[in-house]
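Taken in order, these protein sequences are the chains called A and B. Quick note, the first sequence lines up with residues 93 to 526 if you use the working numbering. Quick note, the second sequence lines up with residues 1246 to 1530 if you use the working numbering.
Simulated from the structure, these hints should not be mistaken for lab results. Owing to the predicted nature of the structure, the values given are computational and were not obtained by experimental measurement. Keep in mind that the hints are not guaranteed to be accurate.
[Said to hold, decoys possible] Some chain A residues judged to face chain B by a derived CB distance under 7 Å, without partners named:
hint, residue
1, T193
2, S194
3, T195
4, R227
5, V335
6, R336
7, S340
8, A348
9, E351
10, D352
11, K361
12, W365
13, V368
14, V510
[What the hints assert, rightly or not] Here are the simulated DMTMM-like pairs of lysine to aspartate or glutamate, each with C-alpha atoms no more than 25 Å apart in a straight line:
hint, chain 1, residue 1, chain 2, residue 2
15, A, K508, B, D1336
16, A, K508, A, E353
17, A, K508, B, D1327
18, A, K508, B, D1364
19, A, K369, B, D1364
20, A, K508, B, D1494
21, A, K369, B, E1412
22, A, K508, B, E1521
23, A, K508, B, E1422
Built from N, CA and C at the ideal position, the CB exists for glycine as well.
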Amino acid sequence: MSASSISGRVRAWAGVSDARLLLLVALGLYVLFLVAAPLQGYDLNGTFNSLRRITFLSALYGILVLALNLQWGYAGLFNIGVAGFMAVGVYTMGILSSAPTSTGAGLGLPLPVGIVGGLLAATLVGVLASLPALRLRGDYLAIVTLAAGEIIRLTIRSPVFQEVTVGGVTIGTGGPQGMQLPENPIRILFYEEPAAFASDPNAIGKAVFPFFEGFGIEDTVVVGWAYALVLILILGLVYWLLVRVGNSPFGRVLKAIREDELVASSLGKDTRWFKVKVFALGCALMGLGAILWRLSGGYTSSSSYMPIQTFYVFIALIIGGAGSNTGSVVGGAVFVALLFEGPLVIRRLISNLFEIGQVPRTFFDALGSLAGLDPGPLLAYVVTDVNISALRLVLLGVVLVYLIQRRPQGLLGHRKEVASSVDLSERSGTGGEK
Amino acid sequence: MAADAPSPTGAATEAPPAGDAASGTPSDDALLAVEDLRKSFGGIHAVDGASFGVEAGSLTALIGPNGAGKSTTFNLITGVLDPDAGSIVFDGTDITRYRPYQVANRGLVRTFQIARELDEMTVLENLMLGPRGQSGESLWRSVLPGTRRQVQAEEIELRERAWETLEFFEIDHLAEEYAGNLSGGQRKLLEMARVLMTDPEMVLLDEPLAGVNPTLSEKLLERIHELRTEGYTFLLVEHDMDVVMGHCDPIVVMHQGQVLTTGSPEEVRNDERVLEAYLGGEVGT
């Protein structure tokens, strides 16, 4: 059997349903990382951890990209303040639920209250930031959201809000030092005292940890995997929600707004109201994604909400295909695995497989040894921490340029995802009585 | 040029000068009544005190040389632009300064001079967008399990109507095509079909035949006549005089932002001032 016929069969199989397609993408990326793991010198624990990391990040990016797809892919609302709305969600949650004693003092309310509050705050700020701009053309919304995102980040970072006492209650963002957040809620499942750094495992922990320890897999990796799986579940819920939103008369109006707002309003649709609703929902989901992200580490700081964060989400959406929910999830996973983690994997791979000698001080020193046909110093120079993340940006730029030139619709943007709750091509009339 | 320009302040007093009985004052039973409508852009008075009425069930034409203010009038009626002065009454309701979606929801729907298709939506999606008051246009109704079933039932009914409308316009073979892939003429048909899906009382057609080949034009006109007998009212802007004279009655002639005359094709054809307006005042004085 030729390779092309195999790939044809795989394509035919994956084309049947979106679930299969997503499964195939996940499988492909896992296999890739499994193969790369021993080459990076990972033992089983390290391998498991590297898979956990791409699962965790893919799920988070999936949620964020889906939210942006709702705003930009469906309704054409150009929101480049994604990072800002993420920050609003996280910090509001932190202020509501962090312990009063922590850096960046909180109110110590239960975590669910904090999460709901974070979502509401992200929604509210989204609406407030967008209300004036939604009346105008798309470019203004872009400018306003970019500015709002930066204002939010700089406000959070400001020492003024590090700790504020209002009416005897002290709250704060921790300013430049960042903010301690409630402990990862998944720890409740495994530990007697989830808040304590070193706690004894509870009944579940006692049952689960030794089993994995038998394979050399550490407790933290097990806990991390549990959290990643919960995120996959939440991603599934968000996906389900947004597929329903998209495949409905509501989604149809959103698409019409994206294509030509005047036509939509000339057909009797109050487009402003649609835009406000969809912007609010999108911002809430961005807040949710960010809250889930930062809860895993129990800490956040303003540096996580630089504009680059917004562009990462955009790139993932462009890869996947704006306008497609399934494409958004695929784009998130492909972005995380290949573009975000990929360069780091290659770096570890090179350092593991080759003897990295002295790292040249400058780029020109590195180039100089090329003249002597010795690529070693250049390689060593490239795989330093600083340079590999710079190269990651170069890689992202190249991929973007290529995609915009060759495949502006992304991986799945070309598909006809008809916005309707029923199959429009099917007629009740032709198939007898309905 | 106008015989005597009305003073800017002198409001609705018998607007058009030297008009015949039919022009100017719309009769009381008109479905759409435009009264002394005014709109300027900078120093240009695009619409300068236009008044006319459209009878229910008629196929009224709005004609005039380029720059007469026809398109601006359309935009004022449909809420795309706000008038500086004057009033627009549709079906007994004052719809002056309504926003476009409010006008459409009253049952007064328009098409565009250059067909504005929603390119990256299929022909069927374009049609399904039309119907007013779809419960599935509420965010939560589309999502929640119980209400979604109702939305689906509604959509199955609308789907049937969409297919029937496509067949009526003979573009059902294009149903699943992206609207952006349609030819110019097909786009015009699609736009008409989409407007009809809103179940309007009255349709404003902005040059529905521009760029449409003669065969398709015939077909489109046939459809318009058929719909008129079903009770729809049409007001159309058109430059093709053969079409206007052969199919429309009455005809409203605009010139320099005002209504020059209103009448049957014969009356308009024999009106010296109409000829004068079209030929720039060099003939027939």
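How the hints compare with the structure:
1. T193: Hint violated; T193 of chain A Cβ to chain B Cβ min 40 Å, cut 7 Å.
2. S194: violated, 37 Å
3. T195: Violated, about 39 Å.
4. R227: violated, 11 Å
5. V335: Hint on V335 of chain A: violated, closest Cβ of chain B at ~10 Å, above 7 Å.
6. R336: holds, 5 Å
7. S340: holds, 3 Å
8. A348: Status holds, d = 5 Å.
9. E351: holds, 4 Å
10. D352: holds, 5 Å
11. K361: Result: holds, 6 Å to nearest chain B Cβ.
12. W365: violated, 9 Å
13. V368: violated, 11 Å
14. V510: holds, 6 Å
15. A:K508 - B:D1336: The given pair, whose Cα atoms are some 40 Å apart, is violated under the 25 Å limit.
16. A:K508 - A:E353: holds, 21 Å
17. A:K508 - B:D1327: violated, 38 Å
18. A:K508 - B:D1364: OK: K508 of chain A and D1364 of chain B at ~12 Å, within 25 Å.
19. A:K369 - B:D1364: Holds: K369 of chain A and D1364 of chain B sit about 24 Å apart, inside 25 Å.
20. A:K508 - B:D1494: violated, 44 Å
21. A:K369 - B:E1412: violated, 35 Å
22. A:K508 - B:E1521: Violated. K508 of chain A to E1521 of chain B sits at ~53 Å, over the 25 Å cutoff.
23. A:K508 - B:E1422: holds, 10 Å
The structure does not agree with the numbered hints 1, 2, 3, 4, 5, 12, 13, 15, 17, 20, 21 and 22 stated previously, though it agrees with the rest.
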